[in-house]
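Trainee: Going down the list, the sequences are from chains A and B.
In this text, residue positions in the first sequence follow the working numbering: the first is 675, and each later residue adds one.
In this text, residue positions in the second sequence follow the working numbering: the first is 9, and each later residue adds one.
Since the hints were derived computationally from the structure, they do not count as laboratory data.
None of the values given here were measured: they were computed from a predicted structure.
Treat the hints with care, since some could be wrong.
What the hints assert, rightly or not - Within a straight-line C-alpha distance of at most 30 angstroms, the following computed DSS-like cross-link-like pairs (lysine-lysine) qualify:
| hint | chain 1 | residue 1 | chain 2 | residue 2 |
| --- | --- | --- | --- | --- |
| 1 | B | K172 | B | K465 |
| 2 | B | K56 | B | K298 |
| 3 | B | K499 | B | K177 |
| 4 | A | K827 | A | K811 |
| 5 | B | K56 | A | K827 |
| 6 | B | K205 | B | K271 |
| 7 | B | K172 | A | K843 |
| 8 | A | K868 | B | K26 |
| 9 | B | K370 | B | K177 |
Stated by the list, open to error - Computed footprint of chain A on chain B; a stretch qualifies when at least three of its residues, placed anywhere within it, have a C-beta under 8 angstroms from a C-beta of chain A:
| hint | segment |
| --- | --- |
| 10 | 550-561 |
| 11 | 657-663 |
Note that the Cβ used here is the ideal one computed from N, Cα and C, for glycine as well.
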Amino acid sequence: MPRAANSKQVEDFIKLFDGDSASAIAAIKNATKQDQSTVAPSLSVPTRVVNDEIVISVDSVTRMYKVGKLKSKALNAVSMTVRRGEFVALTGASGSGKSTLLQLIGGLDEPTQGLIAVDGVNINQLSDTARSEFRNKTIGFVFQFFYLQPFLKIAKNIEVPGMFAHTSKNDRIRRVHELLQIVGLDEQALYLPKQLSGGQIQRVAIARALLNNPKILLADEPTGNLDSANSEIIINLFKRIRDQFGTTVVIVTHNPEIAMQADREIHLQDGVIV
Amino acid sequence: MIGIADSLILAAAKLRSKRLLLLSTIVVSGLLFAVLFAVIIVSNGITKSVNGYTYVALNGKYFVKATPVIPQDVYGPSRLNPSPDLVNALTVLQTKYIADQKALAAQLKIPFDPATIPQILVPDPFSNKSSPEASKLMINFDSPVYQQYVQQLQQNYAKTAKNKLSDLKNTASRYGAVSYNQNIQADTSLLTMTYLKDGKEDLSWLSQTGPANSDASIYGYITSSVRNSSYTFVDNALVQRFILPSNAKRKDSTAIPVVITTKEAIGLFGTQLHIGPQPSNAMQQVTWLKTLQDKINGITYTTCYRNQADSTALTQAAQTLTDVEANKNNKSYSMPSLIYSLPTTACGDLTVRSDTRTQAEKDQVTQQDAIHKALGTYQAPIHQLMQFQIVGVMPVAPQTDTTTTLPTFLSGLLGAQYGVGAIIPAQMYATLPASTQYKDILQNDSTSIHNTDVLQKAGISETIVAFTSLDQARTFMSTEGCSSVSDNCDKLYILEPYGINYLLLDTLESVIATILRYAFAGVVGIAIIIVWFMMSRVIADGRRETAVFRAIGAKRRDIVSVYLVYSLGVAIRILLFSGIIGVAVAFTVQYLFGSIATNYAKAAYGVLSQVSDFGFVDFDSYLLWYLAASIMIIGIIASLPPLIRNVRRNPIDDMREE
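Starting from the given sequences, assemble the full structure and let the hints guide the process.
Mentor: Take a look at the structure:
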């Protein structure tokens, strides 16, 4: 029997949609069907998808910041590629430019020079609105400080990217249910963030990042605020996500042990890949 | 763009943050708007209640008193400093009058002495000796020539006047006037009708010191209409609300019906009926008025009417008796040949105490009377007992009371204002048998033969015009007349509300509108600053959150949508808070003052039934919707500037600031 059908979860999900039990039930039924289909593969059967397709291409990218009258080069003619399904760790000391590179890849920032193509799209040329859609559909962001909405329940927090994507309510509920199972927090769906531990909160943030099925997951120091046990759980989760969904994962870290668990490590120093 | 439902979810989550800031914003702004809500609700309630009372009291009609504007010179020249032209004109008239009288005497074959005709111009004892001759004279107002001259002036004016009753009807009908009534002074001569207290005629007025027991005011005027014999015929419709239902005392009565003020009722009959003066307590006022109405309904009183000739005979008789008494020990005093004793019964005849006149003296008197009869100037002495019956009482409205206490305010707003004098309901009077109408004494018609007022006979007199709507009356007054004589009136009429000063409502609404205008501007300004400050803080503190939303795919307009819904949520809370407080205040006013106001209103009106309670609460005002809309708009306007600043920021900057 699929997990979604267990009665406790059904009750919780009905509570989630106060006064709208019909849509909750419909969502769970859908979720059950989807579980049995190929859309959301079973966690117990890894289906790692790694190929040679370049999904991220950074070509001679320079990023300069102006601080007062001074100009500072955060990245200097950086070039790199990442293949689909690859788990890459960006490492380097503080100020080396790793977070800047991650934000440029994610379309949060624009390079001063150079080109960035993600999933075949030159994101430099996107309008602000198109870039927002790109971030919403293609990228999933995970932050060091989680940034959940403190007064939204866990399930609602995970739903937020779906709100911006105009995903139907039923689809959102179904997807939230799946993701809570993936991150192992289906029992905490109705909790507020303050009721969870740091590790749990980061798992919720990861679930939120995955809501719109992004091709790329970008994580900026995702374990920076966690102890080693929770860091291990998070890294394993990233790996599982990569393995199950073929999601490309790029994380920024300065922890060598975590970097070692990635498929590849790209080290930056003073804005240059070394 | 993000759906409304999702915006609501995110905005609702935001509303749960910054609670202290949000609460203080709602409370401060809400209290300001609550004041406006309360003022609108209460003023609307007062206006509606007063309108309701007015409508009921006036039986659905709005009366306008139209007083023709007449140039002062139509009433005659001033007594002093006549111009040379006027002196010449009056001299010519005097000469002609004497000639006419002489010719009439010759025609009647009676002797005529020009010296018996009063001079129209007499020396002014206070004139300056160096003044021109004409200025040393003054006009004798008692001269029959002067009366003729003034009548001529008025007849000339009446020929071309455009403010006669017919003109008024033509004009007022265009505004929807439905009826016209002229209030007629029943008798304008003071002290010709004496109130018989305890059945006795008070002749103290014959002494030079004046009435011994008059209820003269501190200004020296006798305030009692009954003692003053000041009566006015008024159409029943105008005083219907004061007329009490008929009872056993009034059945088959032939006394003249009269409505007097509550104050006068207490003054005349308070002791007899064991009713004290009007209490100040509102609840007691209603009970007091009810008791007064019950006890005074049908009470009768008698007056003694004496005409000018009879009064003069009484005065002369009293003077003679005084002289005789003063000289009773004076042996050189020559006793008058005819001495009368004053009447010993109420409204009785003079009785002859001693008559030592010679036959020649008697013949001379007979001849004088014959001459006056022949000239049409003879007036037989008449005295007549007349019985009045009280059929209603009306409260006294303060005319110029500017105090601002609730009772005086309501009294001024609702009280009756029918001018001076007791009122004789015209239609009730008309049903009396002819024998008790005393038509030779009372004039109830401007065309009465007793009416010597040229202007009144020509239809140029105060007229009460009735309209069926307040707007009609208001438009008529503002278009066709002046509100008072003191404002250099260039219109044909002085037009003012009659019965109830319903225009005070306009004044009230105007004052409230002015207050609201300034208060609204002030409150809106303050509220915008407060909400602006709050939104700036909330949005500034939410930059990281906005950046995260942008990172996970929110467009700028999604952020705008969430914050707009948030600001609307804030505005709705301010609206609800201010609305609840405003309504609570209004109901508190109703609770505290409702019954007091109702009692004051009933007492001020003089009507105890067929009126609903005075309400201070009424929500039927477009201003409430304006205010509610304004609060919502303020919420949006105040949030736009910080919001625009916020969405223009680069999210990465805000994330980096962490």
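Trainee: Kindly indicate which numbered hints from before are broken by the structure, ordering the numbers from low to high.
Mentor: 5, 7 and 9
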